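Chemist: Line by line, the protein sequences are chains A and B. Just so you know, we're using our numbering here: the first sequence kicks off at 1 and counts up by one. Just so you know, we're using our numbering here: the second sequence kicks off at 187 and counts up by one.
Honestly, the hints are just simulated from the structure, not real lab data. Where hints are given, some of them may not hold.
Pulled a few chain A residues facing chain B out of the computed Cβ check, cut under 10 Å [to be verified]:
#1 Y38
#2 L40
#3 I123
#4 W129
The structure displayed is predicted, hence computed values, not measured ones. C-beta: ideal position from N, C-alpha, C; glycine also.
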Amino acid sequence: MNNPVSDTVERRKRRTLFLLMGLAIGMFAFGFAMVPLYNLLCQVTGVQSVEQRAMIGTNAPLAAATAVTDRWVTVKFDTTIHPDLPWRLEPMQRKLRVRPGESYLVKFIAENRSGQEITGQAIPSVAPWQATGFFAKLECFCFNQQTLAGNEIAEMPLRFSVSPDLPADINSLTLSYSVMRVSDRS
Amino acid sequence: MSTATIDLAHDHDHEHHGPPKGLKRWLFSTNHKDIGSMYLIFALTMLFAGGVSAMAIRLELFLPGLQLLDPDLYNNLVTNHALIMIFGAVMPAAAGLANWMIPLMIGAPDMALPRLNNLSFWILPAAATMLILSFIVPFFPGGGTQINTGWTIYPPLSVQVGMSMDFLIFALHMLGISSVLASINIIVTIFNMRAPDMKLTQMPIFVWTWLVTAFLLILVIPVLAGGVTMLLFDRHFGTSFFNAAGGGDPVLFQHLFWFFGHPEVYILILPSLGVLASVVPTFSRKPLFGYSSLVGAMIAIMIIGMVVWAHHQYTIGMSLGAVSYFMIGTIIISIPVGLMIFNYMATMWRGAMTFETPMLFAVGILLMFSFGGLTGIMLAVVPADMQYHDSMFVVAHFHYVLMPGAIFGLFAGVFYWLPKWTGHMYDEKLAKIFFWVNVISFNVTFFPQHFIGLAGMPRRIVDYHVMFTEFNVLSSIGAMVFGLSHLLFLYIIIKTVRGGKQAENKVWEGAKGLEWELSSPPPFHSWTTPPKLAAS
Chain A
1 MNNPVSDTVE
11 RRKRRTLFLL
21 MGLAIGMFAF
31 GFAMVPLYNL
41 LCQVTGVQSV
51 EQRAMIGTNA
61 PLAAATAVTD
71 RWVTVKFDTT
81 IHPDLPWRLE
91 PMQRKLRVRP
101 GESYLVKFIA
111 ENRSGQEITG
121 QAIPSVAPWQ
131 ATGFFAKLEC
141 FCFNQQTLAG
151 NEIAEMPLRF
161 SVSPDLPADI
171 NSLTLSYSVM
181 RVSDRS
Chain B
187 MSTATIDLAH
197 DHDHEHHGPP
207 KGLKRWLFST
217 NHKDIGSMYL
227 IFALTMLFAG
237 GVSAMAIRLE
247 LFLPGLQLLD
257 PDLYNNLVTN
267 HALIMIFGAV
277 MPAAAGLANW
287 MIPLMIGAPD
297 MALPRLNNLS
307 FWILPAAATM
317 LILSFIVPFF
327 PGGGTQINTG
337 WTIYPPLSVQ
347 VGMSMDFLIF
357 ALHMLGISSV
367 LASINIIVTI
377 FNMRAPDMKL
387 TQMPIFVWTW
397 LVTAFLLILV
407 IPVLAGGVTM
417 LLFDRHFGTS
427 FFNAAGGGDP
437 VLFQHLFWFF
447 GHPEVYILIL
457 PSLGVLASVV
467 PTFSRKPLFG
477 YSSLVGAMIA
487 IMIIGMVVWA
497 HHQYTIGMSL
507 GAVSYFMIGT
517 IIISIPVGLM
527 IFNYMATMWR
537 GAMTFETPML
547 FAVGILLMFS
557 FGGLTGIMLA
567 VVPADMQYHD
577 SMFVVAHFHY
587 VLMPGAIFGL
597 FAGVFYWLPK
607 WTGHMYDEKL
617 AKIFFWVNVI
627 SFNVTFFPQH
637 FIGLAGMPRR
647 IVDYHVMFTE
657 FNVLSSIGAM
667 VFGLSHLLFL
677 YIIIKTVRGG
687 KQAENKVWEG
697 AKGLEWELSS
707 PPPFHSWTTP
717 PKLAAS
């Protein structure tokens, strides 16, 4: 059994073994490398990451003088509160008929239903997604984290406008906020 | 030096004593045949466990409304059924075939790393226990909520599930380690242990399919392991990989999951398609048509299969460019897969065909797997998929792909090689009854699901609209027959193991390959001297 032939076989086996183990470990690392790479890829290919989605609208130009008068768009508001967060967030109007190009103000009522100070963050999204680029938030409580003292009730403003370039087949869109807890549960 | 010689001599003697007796033979086994048998028995056990959960699901769906299961338990069963079938039944069964057949087919005395082989098998029962615990734990006080996420365990829901999710994550880690180790072993064996004059291009196609499968496993399983590790960190260590409140992105998990999940489909079906490459020529009494195109096709499947994962996620709101890319890539895969199907059909063309049970399964695969492939192309088309997404149509599609594509192929392989393994012929009459009952009830179960899916019945939901009742009743009746038919399979296996007509060395008249040159059953240690290949 101790002849040179099986020695080389043993060595070749070990080499293949180590190469393959390296490959497996490398792929495990690749999984983690996907975290930054994914964001990069999203930016390059134009798929929107969360940060980009939060920015949408802040840079969109306000099409001021070109308000359209022959078209109405219905904007609906919707909120989802994460179960971890003992808050209430309601829009004062559930829906609004708007003229594209004009700016509107909608107030939301936020209430902290616990006794402790809690920080939360609202994450907006627009449905249908094709309308996302045409919905400009000029002023939004979702731009920053919001802190509410225990049992505090606050008004949170949103000023927005819908671009006149909104595709003609979209005459209704929904702005949806998911509100997440930022501060640790104590 | 002299002691070493004595040890060697002792080992040498030992080889001729046959297998060690009792439990030790199995616990400490380094023999590829014993480990292969253990893999197959384990897979069969898990097939029944997964089958019971599937039958519970179909019983609940027999009529609209809630009868047996509450919604959380229903979703827990759906999760459990998928994971047990994929990781417990199909992958170990394919690994069992690999363990048994690869050394016999390439003329190797054993797997290259026998102790690693033992380890990769014995991780499985531990992992399966974890997996089953993840199902059971919520029923105990303080056990937390049930896993109601489905096998895809998408966050944010999977972050909120109770501790059963932790059991599941560790079960996935262990199952992953087991299959990566087994794959490493298979590749090392294929590269270094072939009979001296066997080139890579002379290996049987079954060995080729496993070589490709093993590479796929090594490339994608660690990515899943990474993904569920991040999930574990998000759950317990305050990280925010997938938590939107902390700047993470839940969709990232979907990408990591499907980067594994889509190649996993090919991992499941390729070994079974490899079995066909042995079965079809044998019973057509013709050489395999297009060897090199088969090899090329499966390498193409491997490469393209790794870069089209996001067709499972068309509805997440990707840009038009991204979905177009994934759509075109997905449709392109049908070309190499279709090529493999046509190769097998061309092998049958004008052959002197007979229809023993393995061949019946082979023909069944070609018909029904192709059908599943066609519905797959429907699902690959983005605008159509927006309608079909998460409907029962998807359920019908992937069961048509995975039942014939993976499990019927394993049945074909088991019937084809069972006489070689046991030395006894199986009961051909019973086996044919099993085939017909199995195939007909399979179609009764899943064919109606195409229609109710297209009509709008969603998947993974415990209740449904009364308009879907008739087809669901039909589907459930089919599922009961289908599930119970596997008891016949178990009976045939046990009967064959216990006795039967002595099988010849070359069990099938038209069979070709090194494995048929050994006795039936093969000696405990086979090919201790490498075989010479017949000049080809």
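Chemist: Compare the structure with the hints numbered earlier in the document and write down the numbers of the violated ones, lowest to highest.
Modeler: Failing hint: just 2.
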